[in-house]
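If you're matching them up, the sequences are chains W and S in order. Counting with the numbering used here, you get residues 1484 to 1771 for the letters of the first sequence. Counting with the numbering used here, you get residues 389 to 719 for the letters of the second sequence.
No false leads were mixed into what you were given.
Per label pair, the in silico range of CB-to-CB distance: (1) W:1503 to S:649: 46 to 54 Å; (2) S:473 to W:1622: 29 to 37 Å; (3) W:1754 to S:708: 31 to 39 Å; (4) S:480 to W:1744: 54 to 62 Å; (5) W:1687 to S:537: 44 to 52 Å; (6) S:480 to W:1621: 34 to 42 Å; (7) S:463 to W:1614: 47 to 55 Å.
A few chain W positions that, by computed beta-carbon distances, are all more than 10 Å from chain S: (8) 1504; (9) 1514; (10) 1585; (11) 1604; (12) 1619; (13) 1641; (14) 1737; (15) 1747; (16) 1757; (17) 1769.
Once the Cα atoms are required to be at most 30 Å apart in a straight line, the calculated BS3-like pairs of lysine-lysine come out as: (18) W:1545 to S:624; (19) S:624 to S:478; (20) W:1763 to W:1607; (21) W:1530 to S:664; (22) S:664 to S:454; (23) W:1530 to S:450; (24) S:664 to S:450; (25) W:1495 to W:1530; (26) S:664 to S:624; (27) W:1495 to S:451; (28) S:580 to S:624; (29) S:664 to W:1495; (30) S:451 to S:664; (31) S:664 to S:478; (32) W:1495 to W:1519; (33) W:1607 to W:1545; (34) W:1530 to S:454; (35) S:664 to W:1545; (36) W:1519 to W:1492; (37) W:1530 to W:1492; (38) S:450 to W:1495; (39) W:1495 to W:1545; (40) W:1545 to W:1763.
Quick caveat, the hints were computed from the structure, so don't treat them as lab data. None of the values given here were measured: they were computed from a predicted structure. Note that beta-carbon positions come from the ideal geometry of N, C-alpha and C, so glycine has one too.
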Amino acid sequence: MSDRISVAKTYKLYLGGAFPRSESGRTYPVTDAGGKFLANAAHASRKDLREAVGAARTAFGKWSGATAYNRGQVLYRVAEVLEGRREQFTAEVAASEGVAVEQARTLVDAAVDRWVWYAGWTDKLATVLGAANPVAGPYFSFSVPEPTGVVGVLAPQRSSLLGLVSVLAPVLATGSTAVVVSSRERPLPAITLAEVLATSDVPGGVVNLLTGSAAELGPWLAAHGDVNALDLTGAPAELRAELEAAAAGTVKRVLRVPPTEPDWTEPPGITRLRSIMELKTVWHPMGA
Amino acid sequence: MPETDTAAQPSTPAAGGTGSPPAFADAVRDETSLRRFLHGLPGVDAVGLEQRAAGLATRSIKKDSKLWAIDTAISMVDLTTLEGADTEGKVRTLCAKGRRPDPEHPDVPRVAAICVYPDMVATAVAALGDSGVGVASVATAFPSGRSSLRVKLADTAYAVETGATEIDMVIDRGAFLSGRYGQVFDEIRQVKAACGTAHLKVILETGELATPDNVRRASWLGLLAGGDFIKTSTGKVSPAATLPVTHVMLQAVHDWHAATGELRGVKPAGGIRTTKDAIRYLVAVHEVAGPAWLDPHLFRFGASSLLNDLLMQRRTQLQGHYSGPDYVTVD
Chain W
1484 MSDRISVAKT YKLYLGGAFP RSESGRTYPV TDAGGKFLAN AAHASRKDLR
1534 EAVGAARTAF GKWSGATAYN RGQVLYRVAE VLEGRREQFT AEVAASEGVA
1584 VEQARTLVDA AVDRWVWYAG WTDKLATVLG AANPVAGPYF SFSVPEPTGV
1634 VGVLAPQRSS LLGLVSVLAP VLATGSTAVV VSSRERPLPA ITLAEVLATS
1684 DVPGGVVNLL TGSAAELGPW LAAHGDVNAL DLTGAPAELR AELEAAAAGT
1734 VKRVLRVPPT EPDWTEPPGI TRLRSIMELK TVWHPMGA
Chain S
389 MPETDTAAQP STPAAGGTGS PPAFADAVRD ETSLRRFLHG LPGVDAVGLE
439 QRAAGLATRS IKKDSKLWAI DTAISMVDLT TLEGADTEGK VRTLCAKGRR
489 PDPEHPDVPR VAAICVYPDM VATAVAALGD SGVGVASVAT AFPSGRSSLR
539 VKLADTAYAV ETGATEIDMV IDRGAFLSGR YGQVFDEIRQ VKAACGTAHL
589 KVILETGELA TPDNVRRASW LGLLAGGDFI KTSTGKVSPA ATLPVTHVML
639 QAVHDWHAAT GELRGVKPAG GIRTTKDAIR YLVAVHEVAG PAWLDPHLFR
689 FGASSLLNDL LMQRRTQLQG HYSGPDYVTV D
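Chain W with its partners taken away, still in its complex shape:
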């Protein structure tokens, strides 16, 4: 049997439930930790970002309007499909991050578990973050957490799958929609995650995944008038102040993130969930 020639892939973006090429036509080669060519990835432009935000905004109504129970089911389904692609993810994480296959498998398992953990949160958020407030007067007063809208996420540059899942899953669990700029050097697990999302029950546009440079797209994402919250985890350190200033110009929530990437294997807590929800308080007369 002769050696077969492997198929060199050129991946595309995940935008509005479809896989288009970058409007700019640009691609860039992705290499493994040792510098060996893996595949080509699309290099997203600011116009792709604009389209992504539009798609996320369109998808927001339906996704945020779905019942928390339904969102939990959909996210659990994603975890199932993730689990089904375990081997592929393990190979990609090992190649991208330059870790041993055993360790990569641990990271993939942790990512699947993380996804399931967040899936479980969807119908508990209202109880844990909301309240029936004791007030001095004949009123019911309720505080209810609501999703903020379109969340722009600059995904971690180093942790290609577990880090990505840890920043993306909370956005979906709260009912917001996401525009994600993946790690530039290690985008393959993100691309495969997009394929997982496309083949599970997540409606198109709820997650839009762009591969490219956070330094290039970050300023456009931060200043975009139709983005409600910003996660700067994967932003270059020297750009952060500038991005926060740009985000303030259009009044976005900006997630407080540590200057260097945290240890993603640590239990995440509900900080991320809480920080992208808006608390709505309603007063209602109690009646006789």
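Got chain W; can you put chain S on it based on the hints?
This is chain S only, laid out in the frame that chain W set:
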């Protein structure tokens, strides 16, 4: 000026036309000559037409030109609400928006007109005052046009009496498609007479005319009968305005000008929602009809959601970042 391309190149009809409306006196003498004239119009090369429209749509308009195009497009918008659920409040809101589309940027031009049903004309006239924004009213049993001529004329007269400065009439597509051109012609004539000083826009409803050849015939019929504008569609039928169809109509007004010296307008309506679309239309206007038509008196957009997108794009151009629907009024 339009190039002499292979796509649907129209020759001046009624060869030998000396450049004045009397040139067409023969054409409109009776039904038979009208039919002979309309069927004598050169056929439209549908494939070439699509190709040319697609070709022009690839032009990239940037920076200053884009800003100019956006402002021009805003000044050409006939801001439209034609719903059964229209209320006086909604019409007043729309009028306020038409007068000052973006309150934070007073330099944004006002729209060309507000387009409403006849019973809302009085409300719109009162709300617009002397702002210079016109009031367009649909009439003649809009959108189907299925009623008696008497009712259609009364409809028109009612809109004009209550203060409409522009009348958007629909042609009887049934009569047109069964070849009763004379009937359609007479109807337009009589509605035009009922309009008095108000401008008449003739809606061809190109989505129901089936072929580009029919669109060309209907365009000429509308122009011969005295329409000040020819308009693509009611917005109630899909497909509504498309670039190729608008091309054919722009060629018709261009040729009409060449033959008679009169300037007539075109109004695509329905389905134009984004700034990108609007700019493509402006490119087509410039290339097919000519730069003279880049004027609200000769080209209009019938649209409702287009205005918001134009305003958002305008802000994007000025502020250097993308804007969102939270920053414009939602009507």
